[in-house]
Amino acid sequence: MTRKTQLFVWSLIVAMALVALGILVWRADDFANFAGLTHRERIKLIGYTVALLFVPAWLALGTLATNWMFTRAMVAWPLADDQRRFAERSLIAAAIFSAGVQVWMAVAAVLGEPPGREFGVRLIEAIAGILFFITANFAAKTSPPQGWHDPGRWIRATLRTGWVGVAAGVVILVSAIAAPVGSVVWIVGGASGVYVLAGVLNHLGARRKSA
Amino acid sequence: MSRVFKALSDPTRRRVLQLLRERPMSAGELAEHFPHAKATMSAHFAVLREADLVADERQGKSVIYRLRLSVLEDALLGFADSLGIGFPVIAETPKEEGAG
Chain U
1 MTRKTQLFVW SLIVAMALVA LGILVWRADD FANFAGLTHR ERIKLIGYTV ALLFVPAWLA
61 LGTLATNWMF TRAMVAWPLA DDQRRFAERS LIAAAIFSAG VQVWMAVAAV LGEPPGREFG
121 VRLIEAIAGI LFFITANFAA KTSPPQGWHD PGRWIRATLR TGWVGVAAGV VILVSAIAAP
181 VGSVVWIVGG ASGVYVLAGV LNHLGARRKS A
Chain P
1 MSRVFKALSD PTRRRVLQLL RERPMSAGEL AEHFPHAKAT MSAHFAVLRE ADLVADERQG
61 KSVIYRLRLS VLEDALLGFA DSLGIGFPVI AETPKEEGAG
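Heads up: the protein sequence lines correspond to chains U and P, in order. Under the working numbering, the first residue of the first sequence is numbered 1, with each subsequent residue one higher. Under the working numbering, the first residue of the second sequence is numbered 1, with each subsequent residue one higher.
Just so you know, the hints here were simulated from the structure itself, not pulled from any lab data. Just so you know, these numbers come straight off a predicted model, no measurement behind them. The C-beta atom is built at its ideal place from N, Cα and C for all residues, glycine as well. Hints are supplied without guarantee of correctness; some may be wrong.
Chain P is nowhere near these chain U residues, computed Cβ spacing over 10 angstroms in every case [stated by the list, open to error]:
| no. | residue |
| --- | --- |
| 1 | L18 |
| 2 | R117 |
| 3 | A140 |
| 4 | P145 |
| 5 | G165 |
| 6 | S192 |
| 7 | G199 |
Label-pair distances were calculated between CB atoms; the ranges are [claimed, not checked]:
| no. | chain 1 | residue 1 | chain 2 | residue 2 | range |
| --- | --- | --- | --- | --- | --- |
| 8 | P | F79 | U | W186 | 47 to 53 angstroms |
| 9 | P | S9 | U | W186 | 38 to 44 angstroms |
| 10 | P | E50 | U | G189 | 37 to 43 angstroms |
| 11 | P | D56 | U | W68 | 28 to 34 angstroms |
| 12 | P | D56 | U | W186 | 55 to 61 angstroms |
| 13 | P | R21 | U | Q6 | 44 to 50 angstroms |
| 14 | P | R15 | U | L204 | 26 to 32 angstroms |
| 15 | P | S26 | U | L201 | 27 to 33 angstroms |
| 16 | P | L72 | U | G112 | 40 to 46 angstroms |
| 17 | U | I46 | P | R21 | 15 to 21 angstroms |
Just chain U, with the same shape it has in the complex (with noise of 0.2 angstroms):
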């Protein structure tokens, strides 16, 4: 990655730790006085504080696989450079998106109740539909890693990858729209996980080497 992409990833890192860090500072007394909250209060100090803290540390999850990921490549099957170019305006993409994310849970968890409840989980749920699609669509039209045994067996695979990450993104962005607001995580993440699977067996898939 770039010096460039992780300056700017892991500071936006940083700045939401620290926020979600000034938030639960700023709600001390709330935990202080925990055992005296009605029970949905609790309920909804505990989901902010898992929410807020769950956020940056995905991300920098993600962003240190994503490094792993260059790092341990270069040294079996170096990338291609529309595939590290890709992955770092991906990573940059979600990185701004789960920035976005913080904002709305800060001033959530700032106020008591989220700004436009509804309408913002629908909102968030849909961009998160949009960049799935964005991303799965044109992640196809990478190159595979320069001396690849195989290249159109990548190629074939990566092409499946997309049309199950373009499907995952059409049904968030639907589910957006039509679904009930509680099932956004378990639609969010069953789509994620499905994208991820299929990810990962076509990519094993197109490791094997040719009879």
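Using the hints provided, position chain P relative to the given structure of chain U.
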């Protein structure tokens, strides 16, 4: 986008993309599958390159073409193939009176 539609509107170019789906091929290998002259095939390759549906790489004296489709472009390719876009429409010959 109009370059993509133009590229996918021709059945020869669509067939080239189907062949490249198996593996990257040289211009010569691709041309062997078609009855067209070299210049015609070069023109087809140029249209595909302009539409960014294939990537080319020079290896010695050969040019190797590799597939470069997005999911939407793959969908358009399948759509155009299933509709038979670009194939000449064969008109029905009118039945002769008194025949049969």
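query = Taking the CB of E50(P) and the CB of G189(U), does the distance hold inside 37 to 43 angstroms?
reply = Since E50(P) and G189(U) have Cβ atoms about 41 angstroms apart, the given range 37 to 43 angstroms holds.
task = Would you assess whether L18(U), listed as outside the interface, keeps its beta-carbon beyond 10 angstroms of every beta-carbon in chain P?
result = Non-interface label on L18(U) holds, nearest chain P Cβ at 38 angstroms vs cutoff 10 angstroms.
ask   = Are all C-beta atoms of chain P more than 10 angstroms from that of A140(U)?
value = A140(U) is in fact no farther than 10 angstroms from some Cβ atom of chain P, at 5 angstroms.
query = Does the no-contact call for P145(U) survive, Cβ to all of chain P over 10 angstroms?
reply = Holds, since 13 angstroms exceeds 10 angstroms.
inquiry  = If I take the minimum Cβ distance from R117(U) to any residue of chain P, is it greater than 10 angstroms?
reply    = holds (33 angstroms)
Reported absence of G165(U) from the contact zone with chain P (all CB gaps over 10 angstroms) = Incorrect as stated: the minimum Cβ-Cβ distance to chain P is 8 angstroms, not above 10 angstroms.
inquiry  = Taking the Cβ atom of D56(P) and the Cβ atom of W186(U), is their distance within the range 55 to 61 angstroms?
reply    = violated (45 angstroms)
request  = Taking the shortest Cβ-to-Cβ distance between S192(U) and chain P, state whether it exceeds 10 angstroms.
outcome  = Its Cβ never comes within 10 angstroms of chain P, the nearest being 17 angstroms, so this holds.
ask   = Cβ-Cβ distance between F79(P) and W186(U): within 47 to 53 angstroms?
value = Violated: the Cβ-Cβ distance is about 32 angstroms, outside 47 to 53 angstroms.
query = Does the Cβ pair L72(P), G112(U) satisfy 40 to 46 angstroms?
reply = holds (43 angstroms)
key: Range hint compliance [Cβ, I46(U) to R21(P), 15 to 21 angstroms]   = violated (50 angstroms)
request  = Starting from the range 44 to 50 angstroms, see whether the pair R21(P) and Q6(U) falls in it by beta-carbon distance.
outcome  = violated (36 angstroms)
Going through the hint list in order, the structure does not satisfy hints 3, 5, 8, 12, 13 and 17.
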